[in-house]
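There are 2 protein chains.
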Amino acid sequence: MTRKARRNPDPQMCKTFHSYREQKERKLSRTIEITDVILRDAHQSLMATRMAIEDMVPACEWLDNAGFWSLECWGGATYDSCIRFLNEDPWERLRTFRELLPKTRTQMLLRGQNLLGYRHYEDSVVGRFVEKAAKNGMDVFRVFDALNDPRNLETAIKAVKKTGKHAQGTICYTTSPVHTVDKFVEMAQRLVEMGVDSICIKDMAALLKPQPAYDLTKGIKEKCGQDVLVHVHCHATTGVTMVSLMKAIEAGADIVDTSVSSLSLGPGHNPTESLVEMLEGTGYETKVDLEMVYKARDHFAKVRPRYHAFLSDITGVETEIFKSQIPGGMLSNMESQLKQQGQGDKMKEVLEEVPRVREDAGFPPLVTPSSQIVGTQAVFNVMMGKYKVLTGEFSDLMLGYYGETIAPKNPDVVAMAKESSKKEEITSRPADLLKPEWETLEAEAKKLEGNNGTDEDVLTYAMFPQVAPKFFKERSEGPRNLATEPTPVIDKNHPGVLNAPIHYDVTVNGRKQRVTVEPV
Amino acid sequence: MTRKARRNPDPQMCKTFHSYREQKERKLSRTIEITDVILRDAHQSLMATRMAIEDMVPACEWLDNAGFWSLECWGGATYDSCIRFLNEDPWERLRTFRELLPKTRTQMLLRGQNLLGYRHYEDSVVGRFVEKAAKNGMDVFRVFDALNDPRNLETAIKAVKKTGKHAQGTICYTTSPVHTVDKFVEMAQRLVEMGVDSICIKDMAALLKPQPAYDLTKGIKEKCGQDVLVHVHCHATTGVTMVSLMKAIEAGADIVDTSVSSLSLGPGHNPTESLVEMLEGTGYETKVDLEMVYKARDHFAKVRPRYHAFLSDITGVETEIFKSQIPGGMLSNMESQLKQQGQGDKMKEVLEEVPRVREDAGFPPLVTPSSQIVGTQAVFNVMMGKYKVLTGEFSDLMLGYYGETIAPKNPDVVAMAKESSKKEEITSRPADLLKPEWETLEAEAKKLEGNNGTDEDVLTYAMFPQVAPKFFKERSEGPRNLATEPTPVIDKNHPGVLNAPIHYDVTVNGRKQRVTVEPV
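For the protein sequence lines, the chains are H and D, in the order given. Add 559 to a position in the first sequence, counting from 1, and you land on the number used in my numbering. Add 559 to a position in the second sequence, counting from 1, and you land on the number used in my numbering.
Just so you know, these hints were derived from the structure itself, not from any lab. Fair warning: this is a prediction, and the values are worked out from it, not measured in the lab. One should not assume that every hint holds.
Put simply, identical chains are the same to the list, so a pair is met inside one copy or across any two.
[Stated by the list, open to error] Derived DSS-like pairs (lysine-lysine); straight-line CA-CA distance at most 25 Å:
{"no.": "1", "residue 1": "947", "residue 2": "1029"}
{"no.": "2", "residue 1": "854", "residue 2": "1006"}
{"no.": "3", "residue 1": "882", "residue 2": "854"}
{"no.": "4", "residue 1": "905", "residue 2": "854"}
I would like the entire structure built from these sequences, with the hints used as guidance.
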């Protein structure tokens, strides 16, 4: 299997693949492409991004032969998790996927000017990262910004275009009085003007209902051109987004994201097998080979319980987010902040405060990092009085240091942020304030023990300066796998019976004995 | 709260409620009604029908005020479960619901000529059952037959009409080369001719995909009249049926079945809250008050884990049923039959044999009891040679004793069934062979200790002659609740740690000691 064997090596080809004319000629029969997220977002959403490469490798051949448009397998939180928890070089992971997925596009999630880190990077660092990712095997770059500020996407998109790879411009879907279909379509138009190869509607909180999914997809196709690929990414949390994918497809969506069923649903994604089956008889069809998906499903069904220590508790649906706008992760953060202060009873007040703070900040979508910033400020407002204390991050958000929001900010709160932070409000692109930093980063990185002298290592240091030193030092010990055999649990059909031996040190009358209790 | 307070006491009213003309005038805005199945099918599908009445009573006021078209709360397996496991009089349960749900229609599932038992009953018994159910508080009777033989529905439907209650004629949805949309629509037409108040599309195995859901609903509306209410019941097992509900609604469906989310998904139903949210902005809307549903959700979220001993293991999706046609319950039955014979390795052959046996039998839908009959014969064919041994039930199925199937049966196998059973093939309605039996049943029932002399007790004995004697004897002890506090489980975030004390008898060096291990 060589790279030349890849089914569709030219990322531009897909742009005309589903041309409107061709669809009409085929009389309503249209191929819907699928991106499977099992190798990235599925385990990020369901098992805290902890899956080790060795648990993914055995499924790669099946996944590669399943006929997916792409396999999302890198970026998001995986880079952080690799070096922080798994002692695994993320670049080596990327090269492994490239090698094992010769027929399928690789895909990553990139936070625009933040890359995979948590601050804005100067343009030359962004350029270097994209160049290296492309060189190590990345095909499709899904680029987004938490505030939907197109200026925070522009450098990354240009850099992807320069490599000849597929640049996907992303709209983070959210709802508010100012977030209308028209506004999102305008953003898509700006992204198309930047030269993106496709548009992604990214619904990270499962807020995208069927009707807006239809209207938004249709709006983008009408205003940006029927040939502009629309790629829809939904989570499953609220239980409505399988329907949203159907309506987006009816409106013309070209590609949808799903995940192999054994790692799907809950805060994860809609199941791949169900999406394929759902389309039967509709005139839409996929090229996915379910026999291959079943093999991957059986593999991950065995892997999943071994990560029990990291698995999400949620398996059903959660619909109150439509009202509260607060993602589950943010809820538990706020709860623990309150409890630490002995004010666990104030949760309801905080929940009511969040939308007010969000409005003051110009209605940012609530995703990392804006969700944490808004949530923490709401907690502070309830505990200490309205805007009595402003966090540094909230002041930065109010003053434009994360980018611009769709709605104007509350001028009174902007004034407080100026006073509290002693900073000025900015209207320029945040990264414009940064001085060239590659050489500094490179010099610092190369001083670290275990640094291998590559630009890739400089990028690891640049994005994770706190974590990189330990990782470089311990890298030679090789990847860790945090999965463990399931701890014994009580068999729920036979209360009192364990499903595996359990060992105790039992001290009886002062004598310690090793006792093994096992099912008989 | 009196019966007079019920929102819509006349079951006929709903028939014109959504008239086609009215919809057109309202310009696409249409109310979609919801039947919530939390009190019957939800716990039948997810916790083996074991929920005790005392765990349902606290939620009734919220459910009654949520604005549902009806609450399915009786019939199916609940009658059996009440007397077999819960020592609860099913008629008392019905009266309790009637009292606690004054504003909402009560609804039950009735197996046509089988009532809630496992054989055909003579018409006067069917009539008596329906009369008593209506008198004790039942509003809507969903009447079905496992073979879709309309003759097996006719007596029950006439009996319901006689009481003035709502008679719903049901189509069991299945797929096969002979099951076309036209054939199902023909069945709907026959049911309408019988005078039903509505048509139910019952998708017990989650096989109804979006396109057939649309075509079937549209076909029924076109051929039977736009005013004929179409009520769609889907399970969630395959992960596609939320979309099927949407497409059925677009095609004109009036009422859909869902379940409060804390007892939904897996082999259960689509979540009520998600269905309500899904419709936002589509022009379709429900009258459901989500605040009431949230209260019921929180209640059942607490109840659910207490039934851990009965909970279904399945929480994700299962899509291979589209190919195999074999429901999950049937699969595990066949597996255990094979294993008991030491032939567990023959499962694959059996899976391939099932569709052939089903074809020989004229493609019956695979539901109780046809699924067990076909599955067991397939196991016999693989273990002992093709039709070397015929079960009595399979012979009866082949010879028409369960009713007629949509496709002709394999004449060679019919001949074998005749020879094996020494019975003749029948083409008449199976219940026509039965002699009046009420007086005999009544006389037998009244001999039993604890019989209370009512017709209701005769019916209990008629349907469950093996179980009724013990139930009558023990009834005065009152209902049992089989729920228990959750057994201790290992906290998955802290492997090795239990979430509750666990007691062991540990024998060390021959001395037995009671040891309690508890979290510290």
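Practice task
With 25 Å as the alpha-carbon cut-off, assign the pair residue 882 and residue 854 to within, between, both or neither.
Solution key: between (39 Å within a copy, 15 Å between copies)
Exercise for the section: Evaluate residue 854 and residue 1006 at a C-alpha cut-off of 25 Å and name the case that applies: within, between, both or neither. Expected result: Result: close neither inside a copy nor across copies, 46 Å intra and 59 Å inter.
Handout entry: Alpha-carbon proximity between residue 947 and residue 1029, which holds within one copy, between copies, both or neither at 25 Å
Key = neither (39 Å within a copy, 71 Å between copies)
Problem - Within, between, both or neither: residue 905, residue 854 at alpha-carbon 25 Å - result: between (48 Å within a copy, 20 Å between copies)
In summary, the numbered hints that this structure violates are 1 and 2.
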